[in-house]
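Take the sequences, apply the hints, and build the full model.
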Amino acid sequence: MIGKKIKKGDVGRFLSSLAGEYTVIGPVKHGSVFMFAEIDDEHPPVLDYPRTVLPVKKYLHPPRETMFEFRKGEFREMLPESRLAFFGLHICDINAIVRLDMAMASDPYYSARRGGMLIMGVECKPSEECFCKSMNADRLPHGVCDLFFREEGDGYIVYAGTEKGRKLLGSPLFHATDLAVTGISAECEEKKPLDYEKVWRSFARNHTNPLWDEMARLCLGCTNCTTVCPLCYCYDVADTSEVVPENSRRERFWDSCTLLNFATVAGGHKFRPNIKDRFRNIYTHKFKSFVDEFGLPACVGCGRCIVYCPAGINMRANLEKLEVG
Amino acid sequence: MNIYQPQKRTIMKVTELNYDTKVFRIKVSRGFTHQPGQFVELSVPGIGEAPISICSSPEEKGYIDLCIRRVGSVTNAVHKMTAGDAIYIRGPYGVGFPLDSIKGKDIVYLLGGLGLPPVRGHINYVLAHKEDFGRVTILYGARTPADLLFKHEFDDWKKRANFLVTVDAAKNPDGTPCHWDGCVGFGVALIDKLTYPIKDAVGIIVGPPVMYKFAIKRFKEAGMEDRQIYVSLERLMKCGVGKCQHCQINHKYCCLDGPVFNYAEVKELPEAI
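Chains as they are written, first to last, in the working numbering: chain A, 1 to 325; chain B, 1 to 273.
Don't read these hints as lab results, they were simulated from the structure.
Certain hints may be false.
[Claimed, not checked] Here are the simulated SDA-like cross-link-like pairs (lysine to any residue), alpha carbons at most 25 Å apart as the crow flies: (1) B:LYS213 to B:ALA272; (2) B:LYS80 to A:ARG71; (3) B:LYS8 to A:GLU65; (4) B:LYS213 to A:ARG205; (5) B:LYS80 to A:SER241; (6) B:LYS8 to A:GLU246; (7) A:LYS72 to B:MET12; (8) B:LYS22 to A:ARG205.
[Claimed, not checked] Footprint (simulated), chain B over chain A, 3 or more residues, beta carbon under 8 Å: (9) 15–27; (10) 106–120; (11) 229–237; (12) 260–268; (13) 284–298.
Every residue gets a Cβ at the ideal spot worked out from N, C-alpha and C, and that includes glycine.
Okay, structure coming up:
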């Protein structure tokens, strides 16, 4: 793959050139943290960032969205119209999109947003919470990332991974180079990566392992981990009525399996009454059943759940215990 | 087509079964087909959506019957509706009870409370084709005499099957004593009253979550193998299409892989039974 070069000072101009067609989203500094937000001259992207608080999920599968409006006796679908361009995504976040695609393939709202989306990746700055290697998410997936930016001196070498990306490289802001690459991967510092297949196999023997008591003891069931996770996609649905049912909306919004009522049925029976049941369920879904369903874990090792857990629970450390447990 | 799109339908008839449960007959196209045990997602605009199993036989064409107990916001709203009102459904979803694969076999139904409606379509199909099946036994228990559902069909079932009924207590729903000359005790205990061996029969269990362990144990003691037993598992099936994760039982989705499961399939599945 041959890259082209762009000067650092020209990146802003390139992104502005996309603004006509797309809403351009990138990592922006917000107080002491980073978040994905619309970027422009006043809110420039910051590429030297560890991770955003919320992942790309907040755009593709937003915290709250209207599915239908009920008008004149019919449920009318409210498909979103969006053309999003993401700039500055890390390899783990791009892998998360690939895995979310698998889970939400036939979902019309997700597909409407995902369809015209532009993905522009950037090299990451690994931190101690990263474990993308363990989750098979440290390599740039093939044919998904339209453009990938790698810092090189006073600019970036940019590689195209799709036809759309190759067309964009035709812009006069990009200059020819002879720098070629074969495969792009994250500089993850994990010394002894886990084997996600071993972790997957461990669930067959670990369901009653006392380890779960020990690990779940700290869990507050606060939903921070599921909120910041790029691959927690559970949702709930509810109708909101404006006094008269003729003007109601059907909305869906993020839900979390760490909440008591997630698996409660009409009549009140609770299928996961204890925090341990719910704690185990997150792990079981991510590292066992999602693997059964799609062949990969519902985790890319981005480290958000570790950074934002108020109780200091370390998912990677727990997986290490399960792998040998 | 949007996989979540509710379709407008009309309520043809409402039948009151008891103090908190009614059957709603919904007009559908004659091409609508379902397996007994499958469910639809029922919408009341402005209130919400809820999974409801179809209780009519697949041979009844042009309509489906939904047996609905008043327990939540959607079901309470449906209870206020009458014939002619519009209602919205999508589905049917899930896997129902086996029919063709169990022809020639004896069938024992063990049903508790609201476990009867999902199976009623199956029962009525089987009884309409008695020559294709072996002996049919229906064991049905409810909390109180007033909670018994489909009482108007009891005489017919008694004539055409071995039909035994019990109640947990001879009381009114409010706890005061009532007259009842039938059997008192949990439904599972009705297995003791069977006068013929059921070791080769197909066992079908549907009831409240607490019932399954006991019921399966009794069927196994009677000589049934795991694969002869079918269960319908209740979970919160929100989306019906395997996305929202509410009905997930480890790697199985109640809405896609169930709600009817062969017991051999789920006996090792943690949290299933």
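Enumerated hints in conflict with the structure, sorted upward: 8 and 9
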